[in-house]
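2 protein chains.
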Amino acid sequence: MAQQSALTPQAEDFPRWYQDVIAKAELADNGPVRGTMVIRPYGYGIWERIQAELDQRIKAAGAKNAYFPLFIPESYLTREAEHVEGFSPELAVVTHAGGSELAEPIVVRPTSETVIGEYMAKWVQSYRDLPLLLNQWANVVRWELRPRLFLRTSEFLWQEGHTAHATRADATAYAQRIHLEVYRDFLLNVLAVPTYVGIKPLSERFAGAINTLTCEGMMRDGKALQMATSHELGQNFAKAFEMYFQSDQGQQELCWTTSWGASTRLVGGLIMAHGDDQGLIVPPRVAPIQVVILAIKESPEVSAAVSQLADELTKAGIRIEIDRGSGSFGRRVVDWEIKGVPLRLEVGPRDLEQGKVVLARRDSSEKQSLALNEVAETAATLLAGMHDEILHGATLRLEANTHSVTSVDEAIEATAGGFAKIAWDALKDGGEAQLRNEAITVRCLQRRDGSLPADETESDLVAIVAKSY
Amino acid sequence: MAQQSALTPQAEDFPRWYQDVIAKAELADNGPVRGTMVIRPYGYGIWERIQAELDQRIKAAGAKNAYFPLFIPESYLTREAEHVEGFSPELAVVTHAGGSELAEPIVVRPTSETVIGEYMAKWVQSYRDLPLLLNQWANVVRWELRPRLFLRTSEFLWQEGHTAHATRADATAYAQRIHLEVYRDFLLNVLAVPTYVGIKPLSERFAGAINTLTCEGMMRDGKALQMATSHELGQNFAKAFEMYFQSDQGQQELCWTTSWGASTRLVGGLIMAHGDDQGLIVPPRVAPIQVVILAIKESPEVSAAVSQLADELTKAGIRIEIDRGSGSFGRRVVDWEIKGVPLRLEVGPRDLEQGKVVLARRDSSEKQSLALNEVAETAATLLAGMHDEILHGATLRLEANTHSVTSVDEAIEATAGGFAKIAWDALKDGGEAQLRNEAITVRCLQRRDGSLPADETESDLVAIVAKSY
Chain S
0 MAQQSALTPQ
10 AEDFPRWYQD
20 VIAKAELADN
30 GPVRGTMVIR
40 PYGYGIWERI
50 QAELDQRIKA
60 AGAKNAYFPL
70 FIPESYLTRE
80 AEHVEGFSPE
90 LAVVTHAGGS
100 ELAEPIVVRP
110 TSETVIGEYM
120 AKWVQSYRDL
130 PLLLNQWANV
140 VRWELRPRLF
150 LRTSEFLWQE
160 GHTAHATRAD
170 ATAYAQRIHL
180 EVYRDFLLNV
190 LAVPTYVGIK
200 PLSERFAGAI
210 NTLTCEGMMR
220 DGKALQMATS
230 HELGQNFAKA
240 FEMYFQSDQG
250 QQELCWTTSW
260 GASTRLVGGL
270 IMAHGDDQGL
280 IVPPRVAPIQ
290 VVILAIKESP
300 EVSAAVSQLA
310 DELTKAGIRI
320 EIDRGSGSFG
330 RRVVDWEIKG
340 VPLRLEVGPR
350 DLEQGKVVLA
360 RRDSSEKQSL
370 ALNEVAETAA
380 TLLAGMHDEI
390 LHGATLRLEA
400 NTHSVTSVDE
410 AIEATAGGFA
420 KIAWDALKDG
430 GEAQLRNEAI
440 TVRCLQRRDG
450 SLPADETESD
460 LVAIVAKSY
Chain L
0 MAQQSALTPQ
10 AEDFPRWYQD
20 VIAKAELADN
30 GPVRGTMVIR
40 PYGYGIWERI
50 QAELDQRIKA
60 AGAKNAYFPL
70 FIPESYLTRE
80 AEHVEGFSPE
90 LAVVTHAGGS
100 ELAEPIVVRP
110 TSETVIGEYM
120 AKWVQSYRDL
130 PLLLNQWANV
140 VRWELRPRLF
150 LRTSEFLWQE
160 GHTAHATRAD
170 ATAYAQRIHL
180 EVYRDFLLNV
190 LAVPTYVGIK
200 PLSERFAGAI
210 NTLTCEGMMR
220 DGKALQMATS
230 HELGQNFAKA
240 FEMYFQSDQG
250 QQELCWTTSW
260 GASTRLVGGL
270 IMAHGDDQGL
280 IVPPRVAPIQ
290 VVILAIKESP
300 EVSAAVSQLA
310 DELTKAGIRI
320 EIDRGSGSFG
330 RRVVDWEIKG
340 VPLRLEVGPR
350 DLEQGKVVLA
360 RRDSSEKQSL
370 ALNEVAETAA
380 TLLAGMHDEI
390 LHGATLRLEA
400 NTHSVTSVDE
410 AIEATAGGFA
420 KIAWDALKDG
430 GEAQLRNEAI
440 TVRCLQRRDG
450 SLPADETESD
460 LVAIVAKSY
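Sequence order for the protein chains is S and L. Under numbering that gives the first Met the number 0, the first residue of the first sequence carries the number 0, and numbering increases by one thereafter. Under numbering that gives the first Met the number 0, the first residue of the second sequence carries the number 0, and numbering increases by one thereafter.
The hints are simulated quantities; they were obtained by calculation from the structure and are not laboratory data. Treat the hints loosely; a few may be bogus.
[To be verified] Restricting the straight-line Cα-Cα distance to at most 25 Å, the calculated cross-link-like pairs of lysine-lysine (DSS-like) are:
(1) Lys314(S) <-> Lys23(L)
(2) Lys63(S) <-> Lys366(L)
(3) Lys23(L) <-> Lys63(L)
(4) Lys355(L) <-> Lys314(L)
(5) Lys23(S) <-> Lys63(L)
(6) Lys58(S) <-> Lys23(L)
(7) Lys314(L) <-> Lys314(S)
(8) Lys63(S) <-> Lys296(S)
(9) Lys366(L) <-> Lys355(L)
(10) Lys121(L) <-> Lys121(S)
(11) Lys296(L) <-> Lys238(L)
(12) Lys238(S) <-> Lys121(S)
(13) Lys121(L) <-> Lys63(S)
(14) Lys366(S) <-> Lys466(S)
(15) Lys58(S) <-> Lys222(L)
(16) Lys314(S) <-> Lys58(L)
(17) Lys23(S) <-> Lys58(L)
(18) Lys23(S) <-> Lys314(S)
(19) Lys222(S) <-> Lys466(S)
(20) Lys121(L) <-> Lys23(S)
(21) Lys296(S) <-> Lys238(S)
(22) Lys296(L) <-> Lys121(L)
(23) Lys314(L) <-> Lys23(L)
[To be verified] Listed below are several chain L residues computed to face chain S (Cβ distance under 8 Å; list not exhaustive):
(24) Glu73
(25) Tyr75
(26) Glu117
(27) Ala120
(28) Leu150
(29) Trp157
(30) Ile321
[To be verified] Derived, one-sided and incomplete: chain S residues facing chain L with beta-carbon distance under 7 Å:
(31) Phe13
(32) Ala60
(33) Asn64
(34) Trp157
C-beta: ideal position from N, C-alpha, C; glycine also.
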C-alpha cells in the first residue's frame, strides 16, 4: 500500500468503519426522508447480482414471481392479531390521495402476508391448486427510529415468498427446502458467508408464525447478522383470510402457509462479513466488477493494451471496468481497494516495454507480473479459486470465534467478540432474559449435529447466542 | 376450434374483450385499494421478459441502475413549478408514520425527477462527472380515477432513466439515442409492435419538459397507445435543484437533463396490439412460455414422450410448460390459446403409435404432424420466423389503418377506426382544439420522412392524430 487507508480502522470503531466504507465505496447515501436510502450504482450492481442468484434458486424450487400492491387497506392488517401487534408501530399510513382524504386509511406494505392471503384464498379452490408457490421482488416500508444503511432502513428492497400447502408436513418441508436450497446455498456459494442455520426461539419469531428458520452470519466484529428468514405460518393467515380448499376426500380444509424473505440487508452482511481496513472485499460471484483495468499513465501503447485486455477478459465472461482516470495512481489504487474489486490489472508503459502487466489480488497482498497473453486465463483461474478461499477464511473466523460454554456468565464473556454455543436447557430458567439485559440474544437453536429441529421444545438443543445487528 | 371462444368478440365490445382476456389468461386482478393491480405469475412472466430486454438495451446505452427512495418530501415537488402543477392532483400522501403525525407530509413518488435531481446535484462537480447516466426499476403511484388494468393503474411498475449532460446538444442526442436504440428497437424486435416515433406537441408534453419524444402504437381497435416516452428537461430541473458543474473552462454551469420511461402499460399494449377473438398472441421473444406440451390423454407412453420432448426443447433453449392436466382436451386447448402461447404440441396415444405428434401455431390455423425427432428443430425454426411474421402483420395493419388527410373533418372521420396523418400547419388555427372535442389528440409530430424534428416549430411537420388509451 503506497498510501494510508482513507477509512477508520475496524478495531478502532467498527460502526464508523462501516459508514466510511459505504460512503467511500459509493454504495449508498441517506435519503431525504429519515431512514430511507439511495442505493448508488455500485451498491445496486451488487444487489442486482444478489437478485439474479437468488431468483434463479427460487425458480428452481418451483416458485413463480408475481406482484402485489404496495398499498394495503388498514383493515387487512388487523385480521391476524399477532401480526398487527408486531407491525403497527412501524407502519407508514396514506391518508390523502387524488386530492382528498381517504375513507379508509391505507397502509404502505411492511410485508405482504395479508394482501397475498386475500388473493390466495380466491385462487385456491381444490387440492389440485396446491401447493401454490409465489414470490415477489418489491420494496417494503417499516419505520425505523435508529436507521443504519442496508441494515435497518425505513424502506428496503427484498424478495418475499408466500406459499400455500395442503398439509402441515408439506409446508414444513417447503420452508426447509427454501431455507437450505435457496438461502444457505446462496450464502455459501455466492456471498461466501458461512452461517448457523437453525430456528428462532419463541421470543424472536416473526409476528404470526409458528416457526421461524434463520441463517445467522458472523460479522468481522464478532456480532451476528440475521441474513434470511423462512416462516411456517401454520393456519394463522389461512384462518384470517379464509383460505379453504376442497381435499381429495371432498372436504373443506384450511391451507397451511409459509413466507420467506431476504433483503438489501444482505449487502450490509457482505460488507461486514468480509471487509477489512482497506475496504470491501467482494467475492467474485457477486462482484459487479471482477477485474478493474488501470492505466497507470496515458500513452498510445497503454491505451491499446487496455482495450485489448478489456476485450479478452470480456470474451472470457469476466465483468470488467476500465479506469483511464486522471488522478494519481496511488489514489486510484486505494479507491479500487475500497470498492473491493477482486482483481486489479495495472497497465503501465515500463512493464509494457517488456510485454508485461501486473495483476494484484484484493484478498491478499499477492501480485504477479504476467505476459499480456496470459492475463485472461490467469484472471479466470484466480477468480474461480478466490471464492473458496474467501469462504474458507470466513469459516475459520466463524469457528475460531464461536465458543462452547456451559453457563450464562461464560456466554456473556464469550460474546464480547464472537458467538457462544450453550445448551438451550441452560437458558430456560431466566437465562434468556439475563442475556437480553446484556443486549445478547439467542440467534438460533440447532440440534447437536447442526440440523434443523422441529421446534424449540425438542430435547437436547443447542443455542447460538450473540450480540447482533 | 373445437369450442367457442370464452371471450367477448373484439368487434362487439373491445374494452370488454380486453377485460375478459386479462381475467381468463390470468394476467392480473384488481387490487384491494382502488386502482391498484395484482400481477399474476403469467402476466409477471411477460413483464420479466420485457424488463430483461429493456434492461440489456439500457445498459448497452451506458446507463447504470440505481435505486432512489419511494418517499419524497412534499417540498421537493414544489420546486419545479410546472412539475408540481402537473402532478399534484395525482399524489398519494403519507401523513403518519412510526405511530405519530409527520412534521412534513411525504409524497409517494409519482416519478423521481425531483429526488434524483437533488442527488445528482451532490454527485456532479465537474464536467468530468458528465454525462451521468442512471436508470431505476421501481413502482410509482399516480392516483387514477378511471383505472384500467395495465393501462392506467394507481400504482404501476416501470423503469425511469435520468441523465445529466454538459450541453443541450448532448442531452438531445442522448434522449434520441434512448428513444431509438432502446424503445423503438425493443418495440420492433421484442414486442413486434411497429410505432410512429415523433415528438409531442406542447399540449401533450411531460410536466417540466422542453421536448417529449414518444412511440405511438396502434391497437387492434385502431386507437393509439403511447408505449414509451423520453423527455428533454432542458435546465428546468437543474435550476430547481442547483445542478451546477465546473466546465473545462473553469466556469460554473447548469446541467442539461433528460428522463425517459416505459411501464407495465407495455403489457396492455402487447395485449391490444396483437390479440384476437381467441385471446392473446404473445410474440415468441417476450413469451414466458414458447411451447406448451399438452398430454391429450394420460398413458405411460404419452407421459414418457412428454418428458422426452420437454427435455429436448429445453436443451434447445426453448421456454416450455407441460400440461398433463385433467380437464377436457378441447377446454385446455382453448385456455392455452387465450394465453397466446406461440406453439402448442399435442401428444396423444394414437399419434404416438406412429411415432408422431401434432404442432399447432397460435398465430395462424396451421397445424402439422411431426416425427418425435423433428420437434425441437421445427419448433426452433417456427419460433425464429414467427416474430417477423407477427411484426409484418402488425405493420400492414398500421399502414392500412393510417389515412393521409388534409382537413380536420377528414381527420375526425379517419380516426373512427385508425390514425390520420395531416399537415401540422392544418391544425394550428384551432384544429387541435376541434379534434380534442372529439376525444382525438395529436399523438406525435414527425418530419415528412418520418424522422424526429427538433421541436414543434419546425416547418412542414406532419401530425399523427388518433383516439387513444
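When the structure is checked against the list of hints, which entries are broken? Sort them ascending. 1, 2, 3, 8, 10, 11, 13, 14, 15, 18, 21, 22, 23, 24, 27, 28, 29, 30, 31, 32 and 34
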